[in-house]
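Using the hints, position chain C against chain L.
If you read the protein sequences in the order shown, they are chains L and C. Mapped onto our numbering, the consecutive letters of the first sequence carry residue numbers 1 to 252. Mapped onto our numbering, the consecutive letters of the second sequence carry residue numbers 1 to 323.
Among the clues, some could well be false.
[To be verified] Listed next, the stretches of chain L that the computed footprint assigns to chain C, with coverage defined by at least 3 CB atoms under 8 Å from CB atoms of chain C:
#	stretch
1	112 to 126
2	153 to 160
3	220 to 231
If you are wondering where the hints come from, they were derived from the structure by calculation, not from laboratory data. Nothing here was measured: the structure is a model prediction, and the numbers come from that model. Backbone N, C-alpha and C fix where the C-beta goes; we use that ideal spot for every residue, glycine too.
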Amino acid sequence: MSRLEILNLAGLRHDNRRPYELRSLALSLSPSPTADGSAQVTQGLTTVQASVFGPREPRQRAAAAHDKASVVVEVGVVPWAQGQGGSRSRGDKRLLEIGAAIRQTFEPVILTHLYPRSEITVQVQVLAADGGILPTAINAVTLALIDAGISMLDYVTAVSVGLHLKQAMLDLSAPEESDLPTLVVAALPESGRVTLAQMETRLHVDRFEEMLRLGVAACSVLKEEMEAAVKQRTTRVVERMAISAKGAAKDD
Amino acid sequence: MFTIARIPPAPTFERGSSPEAPVRMDAMDVDGDDLGEGTSLGARRTIVSPGEVITSSKEYMRGHGTYVEDDNVVSAVAGTLERVNKLISVKALQSRYTPEVGDLVIGRIVEVGAQRWRVEANARQDAVLMLSSVNLPGGVQRRKVESDALKMREFLAEGDLLVAEVQAFFQDGAMSLHTRSLKYGKLRNGLLLELPPRLVRRLKSHFYHLPPPAGPVGVDVILGLNGYVWVSLGTRQDDREGGEGFDAEGVYRNDNDEIDPESRQAIIDVANVIKAFAAHGVPLADTLIAEGYQWLRDQALVPGVPLAAADGERMVRELALSE
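The shape of chain L in the complex, shown without the other chains (with noise of 0.2 Å):
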């Protein structure tokens, strides 16, 4: 085969999804015990794990702000996510600028004025890559930070929009993803706002709004999925809270 069909003469693309259709969603809450809170989220092929530690004692002292939390973000992919070679070292380009993009979309959406003094340390590790890095790790990093406890305006997710000709298409995968023009869309879904817009190519502006209507509707239907995975353990850790607080009166 010389060259990917984007989308076949029946208008599906190469894994037989509609142009509007996303990848398979997974989602695990506090996948890692040491951490204060994290979660792993399964787009398709790719998946992320993310850990939340803190609020904390800043590492470095100087970094800390007297009225508000720092927030440090880390990305790490393993060796062996990429497939056919191309391990990536901590100090990559492109890696800082993932963590970059993840700070910037949640500084302003954690409340970090309730945590003076303190630091937030996010660790995003990428497990198995394959395309959509940064809108799972989006994803991954809301969940760590609402299993920590940590003070949220709203979740954020995020999801990335292709156009294939006329065509937008939602949450690529890698052989698209290298193919076709790509915007990623960060948003709050309740309020609708974006937090995150991101291109690394040129699109005709006519499509871009498009696009970005089609990328905040996703979000928010990722933003249901995510709710309903949050509440189901919240449920379960008070019942379990619940169950043994009657134990305790039994003591007494």
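Same frame as chain L, but now just chain C:
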């Protein structure tokens, strides 16, 4: 009349299963304001997550875990909704330890500074232990002299664990600790467990002694409210209360006592029981730990070996989730 912006989801467990919370809500509701039929926020505990509109801010005040936007009180964390009269707050499921004066905490020295130690205690900021808030060898009521300040590292060095009480807060919100009691001080002869702070509730006593069937001299458990739990070799009654024959000079010793294998097994077994309860999100209580240890003995499992996942689950089911 007020409006509640969304209908709370149906309660996910029966009210009767949690005797404590709803009753407390009713008792707090002193002015007895009628919140309408069945929509009362206090009547049922609901679960909210960030960004969720709870109610109008014209009628209610916002508490912890919420913020106000466009005349609405909005949740900022995932957790349970709590209401005291007109104050709405959301208690996050899990968060770092929030200290209060009088709390018993376990911490680790991270820095020795001028007249003070910095202590990591699982809170948002490191705690401070002043040289003037510790008991030094040679008498409880002793003036601290310059030579004491020079010998600070001999008392407590980086990495040492200690149990202390929260004494006060500094301007910047950091907590100040004190160890001015014979119950507090440096920890030895045991092992540390780090648990989520929500699993340690405020109890009558946070020092718990399991008597001798658990090892030849028993096992001591200290439940720090910051989620750190210390499981150690049992001490004599006199030593625990600082009575006759109390070894005041030995408070800052760095070496462990001789611990025989049976005691080691007992310490590890108690730690494993606590870990198993924590893994299942069961809050700790002194009696629960004793029951767990007894259960372990009754099962005749190999002592000193971590509980298999299935055994842990069985224990939690039989002890914590029964009746």
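Hints and how they fare:
1. With a cut-off of 8 Å between beta carbons, the stretch 112 to 126 of chain L has 4 residues touching chain C; three or more are needed, and the interface restraint holds.
2. Counting residues of the stretch 153 to 160 of chain L whose beta carbon lies closer than 8 Å to any beta carbon of chain C gives 3, which meets the minimum of three for the stated coverage.
3. Counting residues of the stretch 220 to 231 of chain L whose beta carbon lies closer than 8 Å to any beta carbon of chain C gives 3, which reaches the threshold of three, so the coverage claim holds.
The structure is consistent with each of the numbered hints, conforming to all of them.
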